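Produce the entire structure from the sequences given, and follow the hints as far as they go.
2 protein chains.
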Amino acid sequence: MNTVSPETISAQLNWRYATKKFDTTRKIAGDTWKHIENAMALAPSSYGLQPWKFVTVSDPALRAKLREVSWNQPQITDASHLVVFARKIEVSKADVAAYIDRIVEVRKAPREALAGFEGMMVGSVSNPGNLPGGSMDTYTRSQTYIALGFALYTAALLGVDACPMEGFDPAKYDELLGLTAMGYKASVIGAFGYRASDDPVAAMAKVRAKHEDTFLRR
Amino acid sequence: MNTVSPETISAQLNWRYATKKFDTTRKIAGDTWKHIENAMALAPSSYGLQPWKFVTVSDPALRAKLREVSWNQPQITDASHLVVFARKIEVSKADVAAYIDRIVEVRKAPREALAGFEGMMVGSVSNPGNLPGGSMDTYTRSQTYIALGFALYTAALLGVDACPMEGFDPAKYDELLGLTAMGYKASVIGAFGYRASDDPVAAMAKVRAKHEDTFLRR
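So the protein lines, in turn, are chains R and E.
Take the first sequence: its position 52, counting from 1, is numbered 52 in the working numbering, and each next residue is one higher.
Take the second sequence: its position 188, counting from 1, is numbered 188 in the working numbering, and each next residue is one higher.
Read the hints as simulated data drawn from the structure, not as lab findings.
If you're wondering where the values come from, they're calculated on a predicted model, not measured in any experiment.
The beta-carbon is built from N, C-alpha and C at its ideal position, and this holds for glycine as well.
Honestly, I wouldn't trust all of these hints.
Unchecked claim - Just a few of them, taken from the derived set where beta-carbon distance is under 7 Å, the chain R residues facing chain E: (1) Val4; (2) Leu42; (3) Ser46; (4) Gln50; (5) Leu62; (6) Ala64; (7) Val104; (8) Val106; (9) Pro110; (10) Ser124; (11) Leu158; (12) Arg208; (13) Glu212.
See the structure below:
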């Protein structure tokens, strides 16, 4: 174990904020970015199914088009790295089987030992109305927000700025990124990079509800 | 800035896993728990609205009842700390106004400077069909998963075990926790504590899709 001090965690979580203006001259180093991607991939998900794709968009022309369907928000083009967190439209029996295959591969486990787990998952995804959230779409969408949280948190620990963004036209994103044909839909965006020295929001105090309004005790 | 090394992040994210069996004799120290709560409260949310309550359930009798409507999963009673992440059923104009009040209080900002921001938020929550996710319920639910991610991540950094859980009857939770009357609904659970030395899952290799199956490049 290699734990982190509470003071460090607090310092970095208070340092982070939803960056409105990125420094367009600064790029995240490839090695640093790799660590953020690794953390996203390590995010937990329901059953471990990972019903998602993380779409990193580098092409400037494509990012310009995305900005047009994102209320013209500058982070879409100005951030060093842009990630669209996409959810799977449908988790099928075949997807569950592929996941079981992956478990067998990684853990060198006998497939028959996983039959119960597979059956449980197939039962869940075959009755989407009973899934957590009440639909397949809400179920897979929710998982992508855990991964978003992991990405934002990791960026903060590494001293990388970020902005979570929901203000975009998801159908246009699906089309521009070619997601529909692949069976995915855009859920939410993370823009990553370094704050501009003149982003006025950077200096503003973080606003959170009082603890007694946030926590209930039972 | 007080950044954390990539090696430390990787070590702790690989150390964490969805704990199936907690050590019932070990409790999280109050000071440590306080840091996990602080991190949850620092999680970002849409516009910063924090449309959530984090319900920490300590009463053993209540936890026993919750376990009954959670497929009898032992983590509900055996974890040191149990948190139900609840979303607001409706974010109203009054909620937006209260949030603006809080910004004014924390930032000592003139209220009139926030009129545009308030108007934008009121416009959003007044047209729930246009909210990210397509409904108020999906919108606020999604936010709670960011906070779940922050809580799980913080626990891992501090060397505290955790299990995210969606397998429970949310309507029964709302009733048992008195959430409905307060205008909230249970989204997802985090159980926190320390792994039992004989949890067989602890030793299993973490299973994730291959990087090339997780990331799309555009």
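Hint check results:
no., hint, verdict
1, Val4, "4 Å, holds"
2, Leu42, "4 Å, holds"
3, Ser46, "6 Å, holds"
4, Gln50, "5 Å, holds"
5, Leu62, "6 Å, holds"
6, Ala64, "13 Å, violated"
7, Val104, "9 Å, violated"
8, Val106, "5 Å, holds"
9, Pro110, "14 Å, violated"
10, Ser124, "9 Å, violated"
11, Leu158, "6 Å, holds"
12, Arg208, "5 Å, holds"
13, Glu212, "11 Å, violated"
Of the hints listed earlier, those the structure fails to meet are numbers 6, 7, 9, 10, 13, in rising order.
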